[in-house]
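Peer 1: Take a look at the letters that make up each chain.
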Amino acid sequence: GAVVSQHPSRVICKSGTSVKIECRSLDFQATTMFWYRQFPKKSLMLMATSNEGSKATYEQGVEKDKFLINHASLTLSTLTVTSAHPEDSSFYICSAPTGGGDEQFFGPGTRLTVL
Amino acid sequence: QQQVKQSPQSLIVQKGGISIINCAYENTAFDYFPWYQQFPGKGPALLIAIRPDVSEKKEGRFTISFNKSAKQFSLHIMDSQPGDSATYFCAASNSGTYKYIFGTGTRLKVLA
Numbered sequence: 001g002a003v004v005s006q007h008p009s010r011v012i013c014k015s016g017t018s019v020k021i022e023c024r025s026l027d028f029q030a031t032t033m034f035w036y037r038q039f040p041k042k043s044l045m046l047m048a049t050s051n052e053g054s055k056a057t058y059e060q061g062v063e064k065d066k067f068l069i070n071h072a073s074l075t076l077s078t079l080t081v082t083s084a085h086p087e088d089s090s091f092y093i094c095s096a097p098t099g100g101g102d103e104q105f106f107g108p109g110t111r112l113t114v115l
Numbered sequence: 116q117q118q119v120k121q122s123p124q125s126l127i128v129q130k131g132g133i134s135i136i137n138c139a140y141e142n143t144a145f146d147y148f149p150w151y152q153q154f155p156g157k158g159p160a161l162l163i164a165i166r167p168d169v170s171e172k173k174e175g176r177f178t179i180s181f182n183k184s185a186k187q188f189s190l191h192i193m194d195s196q197p198g199d200s201a202t203y204f205c206a207a208s209n210s211g212t213y214k215y216i217f218g219t220g221t222r223l224k225v226l227a
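Line by line, the protein sequences give chains A and B. Every letter in the first sequence is one number past the one before it in the numbering used here, and letter 97, counting from 1, is 97. Residues are numbered in the numbering used here as their position in the second sequence, beginning at 1, plus a constant of 115.
Treat the hints with care, since some could be wrong.
Said to hold, decoys possible - Derived CB-CB ranges, DEER-like:
| id | chain 1 | residue 1 | chain 2 | residue 2 | range |
| --- | --- | --- | --- | --- | --- |
| 1 | A | Gly16 | B | Asn182 | 20 to 30 Å |
| 2 | A | Ala72 | B | Leu161 | 19 to 29 Å |
| 3 | A | Ile12 | B | Ser170 | 41 to 51 Å |
| 4 | A | Gly61 | B | Lys120 | 14 to 24 Å |
| 5 | A | Thr57 | B | Lys172 | 23 to 33 Å |
| 6 | A | Thr82 | B | Glu174 | 16 to 26 Å |
| 7 | A | Gly101 | B | Pro155 | 24 to 34 Å |
| 8 | A | Lys41 | B | Pro167 | 23 to 33 Å |
| 9 | B | Ser170 | A | Asp27 | 31 to 41 Å |
Think of the hints as simulated: they come from the structure by calculation, not from any bench. Even for Gly, the Cβ is constructed at its ideal location relative to N, Cα and C.
Please put together the full structure from these sequences, using the hints given.
Peer 2: Here it is as structure tokens:
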């Protein structure tokens with residue numbers, strides 16, 4: 001299947017700082033990518049849709065000023081958690097469809113810990 | 116109406132047994148139903164998916180059964196192995212939107 005990577009895999013930061021997470025499609029182009037958040041032992045919750053060349057669309061209840069998304073190219077989307085607080089600590093996962101069907105491929109996730 | 120209900124929350128099966136996980140949805144517009152496997156600290160990996168035009172799909176030891184009238188679908192893992200121990204998520208979406216609604220997950224443990 002197609003490969004989606006994320007960087008970093010783990011990040012620890014101090015409260016009040018900003019953290020950038022990268023999502024890359026390695027062997028295909030993705031005009032759309034998705035960002036999910038997953039709390040321990042919980043399901044994946046869709047946060048936003050990242051659109052190449054246009055603004056991201058956010059799900060209800062997700063603060064767009066806190067979770068900044070930039071889809072810089074057809075293979076890269078970034079999620080920046082601004083002014084991070086301990087409650088933002090979570091597992092962030094991106095996904096991308098190859099466009100050949102309805103299936104999506106997920107990245108390995110980024111574990112964010114805010115102290 | 117956007118929820119996908121998944122059961123059981125956890126499941127313990129003996130090696131060689133059959134693992135069965137069930138999901139139910141409400142939105143009749145959903146027309147794509149994938150199952151994902153997730154190991155701790157990893158992203159979900161697609162196992163198998165089905166569309167409403169078929170009632171069953173089998174890939175290796177994994178089978179999806181789909182009941183359109185009941186709005187339910189299930190994953191059967193035949194000859195379960197310890198390596199299958201993971202969390203399984205069902206999901207549903209409208210074809211072409213790629214926006215998945217995930218079930219709550221089932222933690223499967225297969226005893227050696």
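Peer 1: All the hints need checking, so say for each whether the structure fits it.
Peer 2: Verification of the hints:
1. A:Gly16 to B:Asn182: 20 to 30 Å: violated, 51 Å
2. A:Ala72 to B:Leu161: 19 to 29 Å: holds, 26 Å
3. A:Ile12 to B:Ser170: 41 to 51 Å: holds, 48 Å
4. A:Gly61 to B:Lys120: 14 to 24 Å: holds, 20 Å
5. A:Thr57 to B:Lys172: 23 to 33 Å: holds, 31 Å
6. A:Thr82 to B:Glu174: 16 to 26 Å: Violated, at about 42 Å.
7. A:Gly101 to B:Pro155: 24 to 34 Å: For A:Gly101 and B:Pro155 the Cβ distance comes to about 28 Å; the hint holds.
8. A:Lys41 to B:Pro167: 23 to 33 Å: holds, 30 Å
9. B:Ser170 to A:Asp27: 31 to 41 Å: holds, 34 Å
Comparing the model with each earlier hint shows violations of hints 1 and 6; every other hint is respected.
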